[in-house]
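Each chain, written out:
2 protein chains.
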Amino acid sequence: MQNIKVAVDAVVFGYKDEQLFLLCIKQKFGPLKGHWVLPGGLVKDKERLQEAVIRELLEETNVEVEYLEQLYTFGDTLDRDPRGRVITVTYLGLVNPEGLKIKAATDAMDAKWFSVEKLPSLGFDHNEIVAKGLERLRSKVHYEPIGFDLLNPIFYMAELEGLYRTLTRRDFDRRNFRRKILRLGLLEDLGIFSSPGKGRPANKYRFIEQRFKELQEEGFQFEIKFS
Amino acid sequence: MQNIKVAVDAVVFGYKDEQLFLLCIKQKFGPLKGHWVLPGGLVKDKERLQEAVIRELLEETNVEVEYLEQLYTFGDTLDRDPRGRVITVTYLGLVNPEGLKIKAATDAMDAKWFSVEKLPSLGFDHNEIVAKGLERLRSKVHYEPIGFDLLNPIFYMAELEGLYRTLTRRDFDRRNFRRKILRLGLLEDLGIFSSPGKGRPANKYRFIEQRFKELQEEGFQFEIKFS
Chain A
75 MQNIKVAVDA VVFGYKDEQL FLLCIKQKFG PLKGHWVLPG GLVKDKERLQ EAVIRELLEE
135 TNVEVEYLEQ LYTFGDTLDR DPRGRVITVT YLGLVNPEGL KIKAATDAMD AKWFSVEKLP
195 SLGFDHNEIV AKGLERLRSK VHYEPIGFDL LNPIFYMAEL EGLYRTLTRR DFDRRNFRRK
255 ILRLGLLEDL GIFSSPGKGR PANKYRFIEQ RFKELQEEGF QFEIKFS
Chain B
75 MQNIKVAVDA VVFGYKDEQL FLLCIKQKFG PLKGHWVLPG GLVKDKERLQ EAVIRELLEE
135 TNVEVEYLEQ LYTFGDTLDR DPRGRVITVT YLGLVNPEGL KIKAATDAMD AKWFSVEKLP
195 SLGFDHNEIV AKGLERLRSK VHYEPIGFDL LNPIFYMAEL EGLYRTLTRR DFDRRNFRRK
255 ILRLGLLEDL GIFSSPGKGR PANKYRFIEQ RFKELQEEGF QFEIKFS
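Keeping their order, the protein sequence lines are chains A and B. The opening residue of the first sequence carries number 75 in the working numbering; numbering runs sequentially from there. The opening residue of the second sequence carries number 75 in the working numbering; numbering runs sequentially from there.
Take these hints with a grain of salt, some might be off.
To be verified - DSS-like mimics (lysine-lysine), calculated; alpha carbons at most 25 Å apart, straight line:
#1 Lys214/A x Lys254/B
#2 Lys79/B x Lys120/B
#3 Lys118/A x Lys254/B
Honestly, the hints are just simulated from the structure, not real lab data.
Using the sequences and the hints given, assemble the complete structure.
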């Protein structure tokens with residue numbers, strides 16, 4: 075009889091003003107009570123893995139993510155949970171934190187966004203899981219135009235550039251970036267907008283999801299050139 | 075009490091003469107007795123996930139792979155195993171089949187390489203798992219120079235090109251490919267070799283693993299240009 079439990083955990087990133095944030099909860103029960111950890115928990119017998127992570131996020135933080143992909147399954151450290159052998163299937167989630175009301179409940183006594191530059195020491199092996207999530211996000215951004223779920227639905231090109239600068243952690247060739255991203259046909263140009271106190275008027279764009287799906291099937295030819 | 079079992083399965087690809095092969099076993103026991111499936115099985119309580127997949131491969135096929143990475147965890151279909159809820163952590167393995175002696179044992183009554191172009195209908199959801207493995211291999215090859223584990227340690231550039239043609243399923247710009255791959259410093263030029271009956275003499279190369287690791291950390295700037 076096998077004695078291994080299956081959990082899910084979520085690495086959910088949010089973005090605001092050229093900073094990346096991670097969604098954490100404070101444990102209410104168990105051996106790590108009072109510690110910050112990732113939202114997550116045990117999978118129910120009749121529950122899909124992805125359903126479990128969506129449920130845990132909603133229960134513990136009140137967050138519904140806009141993007142979710144499976145990240146990695148952690149099960150090579152046998153004592154990663156003091157309660158016994160638990161493997162965890164982790165997910166990478168992206169969400170725009172603007173207007174989002176996070177609220178702790180069930181297993182969580184608190185829920186909070188932390189800047190990824192100033193993360194606390196998380197319980198279990200969760201810092202390692204976060205590192206994997208950051209690695210996935212940062213490597214993906216080099217060959218696939220992702221991250222639109224982190225922005226408002228309508229954005230200035232400068233905002234998209236700010237996001238990419240934050241994710242790649244390097245300054246890149248902006249004209250080249252603009253040209254490449256526009257050439258992919260991913261953005262709908264909504265014309266010039268002027269917003270009070272935000273510099274001179276500029277074009278706003280909207281992300282075309284259908285075109286993104288087509289490109290995913292064709293294969294992206296997208297590479298950021300650094301300056 | 076949770077009632078979910080944890081298994082591992084391996085998608086192992088081999089390559090020879092511009093063809094990609096998949097390693098399969100024929101089930102000896104259980105509800106799918108006599109069906110071709112992927113090598114794999116339940117994880118032991120005190121066993122790391124990666125250890126489990128290495129053990130199962132050795133037991134069922136006598137194969138030790140040269141490259142192994144975690145692929146994906148399948149657990150969104152609740153009835154994927156007729157014996158009850160089982161999630162499987164799958165791995166992608168690459169090996170050069172030349173000189174390899176495959177041999178079925180334990181749960182396998184036979185072990186065999188199938189051309190990926192002519193795969194049988196596999197048991198469980200294993201065709202879906204293979205599709206995921208192919209997708210990973212084929213998408214990775216566009217931005218990361220991988221697949222050297224599928225070749226002999228010393229190879230002609232034409233052989234590397236043949237591998238990439240097979241993996242990308244398209245003809246690409248060979249001069250551009252040669253220039254890019256040599257510029258990365260990944261290959262040691264061993265000078266001119268002549269082999270009887272194999273056309274005119276040409277340079278042979280060896281893959282420099284240390285350089286590959288450095289590039290993995292720096293981030294590859296590698297993109298195949300199709301002709």
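Consistency of the hints with the structure:
no.	hint	in the structure
1	Lys214/A x Lys254/B	holds (21 Å)
2	Lys79/B x Lys120/B	holds (14 Å)
3	Lys118/A x Lys254/B	violated (49 Å)
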